[in-house]
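Engineer: The listed protein sequences derive, respectively, from chains A, B and C.
FYI, our numbering numbers position 137 of the first sequence as 143, with every residue one higher than the one before it.
FYI, our numbering numbers position 38 of the second sequence as 547, with every residue one higher than the one before it.
FYI, our numbering numbers position 211 of the third sequence as 270, with every residue one higher than the one before it.
It should be emphasised that the hints constitute simulated quantities derived from the structure, not laboratory data.
Note that this is a predicted model, so its numbers are computed, not measured.
Every residue gets a Cβ at the ideal spot worked out from N, C-alpha and C, and that includes glycine.
Hints are not guaranteed to be accurate.
[Said to hold, decoys possible] Covered stretches of chain A, as calculated for chain B (at least 3 residues, CB under 8 Å):
id: 1; stretch: 34-40
id: 2; stretch: 55-63
id: 3; stretch: 74-88
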Amino acid sequence: MSAKVKIIERKGVSYNEKLFLVEVFKGMRVTLGHFMRNFLDNSKLYVRHYPEVQPEISPRWRGRHRLTTHEDGTVKCVACFMCATNCPSHCIMIEAGERLDGKSEKMPIRFDIDLLECIYCGYCVEACPMDAIRMDTGIYSSTSSDRQSMLKGIDELLTTPGAFTEEDYKKGGV
Amino acid sequence: MSQLDILLIILRVAFGAFVPLSSVALLVWMERRGAAFFQDRAGPNRCNIMGFRAGGLIQNLADGIKLAFKEDIIPGHITHKFYFILAPVLVFMTALISFAVIPFADTLVLGGNDYVMQAIPLDIGILWFLAVVGFGVYGIILAGWSSHNKYGILGGLRAAAQVISYEIPMGLALVSLLVVYGTVNLNEIARFQGQLLFGCIPMWGFLLQPLGVVIFIVSAFAETNRTPFDLAEGESEIVAGFHVEYSAMKFALFFMGEYVAMFVSSALIITLYFGGYQIPWFTTETLISHAKPVALVLILLIPVGMYFITGWIKKNNLSHYIRLNDPRAREAKVYIWGFWIFTLVIEAILLALLLFSSGGNTTHIFVALLQIATFLLKTYAMCFVYVWVRWTLPRFRYDQLQRLGWQTLLPLALLNIFITSAVVVALS
Amino acid sequence: MAEMVKLFVNGQEVEVESGKNLIDAFEVIGIEIPHFCYHPALGSDGNCRMCLVGIEDGRPPLVPACKTPVSEGLKVQLDTEKIKKIQHDVMELELINHPIDCPVCDQAGECKLQDYYMSYDHQASRMRVPQVVKEKKMDLGCGVIHDQERCVLCARCVRFTRLITKTGELGIINRSDDARVALFPGRSLDNRYALNIVDLCPVGAMTSKDFRFKQRAWFLKRDKGICHGCSMGCNIFIDHNREKYKDDLIYRFRPRLNPEVNGYFICDEGRLGYHRENEGRLISARIGTEESSADQALQTARRRMEGADKLLILLSPNCSLEQMLAIQALAATTGATVSGFSDGSIKNGDADGYLIQDDKSANRAGLALLGVNTSPEFFESALQRTDTLVSFNNDLFITGPNQAWAKKLGEIQIIAISTHDTLFSRQAGIAIPTASYTEYAGSVINKDGILQTFGQAVCKNSAPLDMIRIAGLLGGTLTDPEALMQAMKRKIPAFAAIETDQIPEKGLKLSHNEAAHVTA
């Protein structure tokens, strides 16, 4: 199968275009159309009336992080540092320790995510070999008046519930 | 000097000073809501006083209060504090006083005395404007330089280069215009445009100078540092350019200066090219002699207009999502009542004029008010063009800006002078 | 220079040193042959079969590279389909029972099995039956943790205990898929080099209890250094890392190959010596018992030194040559007596004839070279005459407070420039923190007269001053690196002959008469 090649005409080289004026009027016609439509009936605006109307979050949305647990409630994370290694903003700080419950040898003693530094790229979720970190809490707005409370520790990460069912999450949205 | 003289001086100066100032709020509102509608957004519409949002105007109040109460910071590295403080004042004041020569109504005749409806009744008119506006850019250059900041100095340099490039075509466009009008007095220019071309078309500047009006408007955009010529600010490349180190009220002065300048240059554009305060086909003399029929037409037209406006409010001042006892509908009801009461007052005044007036001073004042309303309407329409252009066109690149100024506008302006002069000589 | 032979690799002619096996010879010219069991220090065992290479027109056509010496005209094949198949099959065999422990395994990132999987295998597992379960997390003793499941049975550890330490605690028991490394009954690892097993193990079967779960290998910055634990001057890698919002800390020392000094290994004591670089450090300067800034402490120290009648400077045998020269210059300007006496830094009978030495200081030979008197008699007589003692990282109380001098030390002013907060620095009137040997660059001479240079590895958040800088601030004249280098060249003729940047990696051997000439 050969690739389709679409040759796009180069804009801005004809005299009319270099003169700007004609093109300026064309552009202004377009924008005025939008203005008049919205001005005469502002129910036609494309925006959602946030915060009264909350957005619907897809399971693929990268919201705030959480740490998942085994069915018995123990943390899935084995402190392999893959997330911290992949993190482009270095916002994950882990301290590993011995694990004694037999699930693994290693577990995080400290697992901090600094939401002020996080860029919500989702690389930590991609990197995790244990499916231990997910960004499926559906929380898209994290605000605080002090820095310390934006540093989410392991307890908060573990107790924050996911917003989707396992099937929806696995399916990855519609 | 009679008491009336003093009163009218106060009134005219007050108009010259306060109309541009209070227009700032309106223009900022127009800019923000306009920008939003151009981009299919809603714009600021949440700020309210007891649920009354005035279509978002309250936001300006909040912003103004915020700016006034913000800490006024002068960064420690600034050595020339005097110039640093002088710069925004210069920008704002030059913009404001350049409005002084613009006539907002025809000469008012009261009790046999003539009152020129300008804040400062100067004969030099347009020359005053050119001088004062040209001075305004010193404020920007001074701000850039005294900020002691590379972005600031770049912004200042850009502003300087831009003004040099665009004052020339602007001046040349004016030259051909003045050749047509044969005067520099703005009031006479406005009165000139009250004539009719071929007996049926209003002789407005843009019809006599179709090329000149384009050159002048483009240059005026550049002079006011508005998009697409706001290279001095250029937030994508030089942060905020000349006002990067400014905060609080000093920043607010720059901000207000920009909108005052926009208002003033709109006023000038309509005075020079769009008939100023003239109502098409109705010269001052016609209006004075036919005041009663005009009032009668207004009595009939105003309720019709108001009907559409209130309908528009009712339709748009709503929450567009499911909401119990929508407070916005209630709010709209109050506005509609307000508008109808306002209409009733106007109607009553017009009716009184129709029934009890016997010409003379009352008629003259009525005509002057009509002309002021026309003037403001036209000016705001021009301001809307400013907003419209800003949210349509992206910023020019620096080389494009200079090429447009020197290689397109300058030759066109010269050509325009040549053609205009030839035509004027041929006709006379 | 060894004799060179010409042979062919994948049809290309290469020239390699004779007398080596294929793995070692090709490694020099940058061609890798994968191997698990072969290690230059332990000899070739030939049990892993990973290094099988083809010999064109050879009989046999397939040979283990570790057992095959280079010879003229040999035509070695490394990239034929057959060899690739063999490598792939060997990898598959190794991985049959290997657990997917990589997330929790400390070896991840420096694991041969991982590297070879990526280079030579890269296939999904075909294993459909449960893996063989063996013992995990066995404490073998000496801080070595063994995981039998991860083991590839290369027997490097077993051979190490037999050939190098000659203690022989380990052996391989059982056969086929149940084979495993285990201790002989009733024994545990018990030798002073046991942690080398961790480095030797190509996979994560042997891990260090000390390093366990502390850091992932890929976070660590590896800088070259010289161990200052004893006068052997073993070459090490200093693996350190500055975690976010934390200080630059060392997480482990690893041996660095130097055939002239330590070979492939270091002792456990030296390996764990990094703890001393992280802990117990003197953080801030003190005047009396009050904490103060280093500047202030230095100014006070300088005033006291100027006001002193008879100054005694005590040098540490751990200082680098440059530091010693700078401090000697300081002594010359202040008219101080210099003693190199160090109490208790020689542990008689501790040496084992391999790497561990009696002398627990790194640069005693340097002191001798620079003519500093190290005798206790000289120190004692100087101490009796002095009223101000300046100690440059010397600790008179290593073996506890010395009763004989206690009275005299209590009478005089002591200025201790110290890396650590010790009993001695606490007694000092002024204590000033200084950089330790992982935090500065310098050169030391080991017990065999080998001069080795090392660079700065660790950079602390609040880096304490180097002793050269301190000597300068106290009034010394010789602080410029260039001037120090010239002074060193005057002292050491062998050093003078070569350019500064050409000091060999293996160290510069000083001849005996050279050292003798200077000392005389």
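Engineer: If a hint holds in the structure, say so; if it does not, say that too.
Structural biologist: So, going through the hints one by one against the coordinates:
Proximity of the stretch 34-40 of chain A to chain B, defined as three or more residues with a beta carbon under 8 Å from a beta carbon of that chain, is established by the 5 residues found. Using a Cβ-Cβ cut-off of 8 Å, 3 residues of the stretch 55-63 of chain A lie near chain B, which meets the minimum of three, so the contact claim holds. Requiring three or more residues with a Cβ within less than 8 Å of a Cβ of chain B, the coverage given for the stretch 74-88 of chain A is violated, as only 0 such residues are present.
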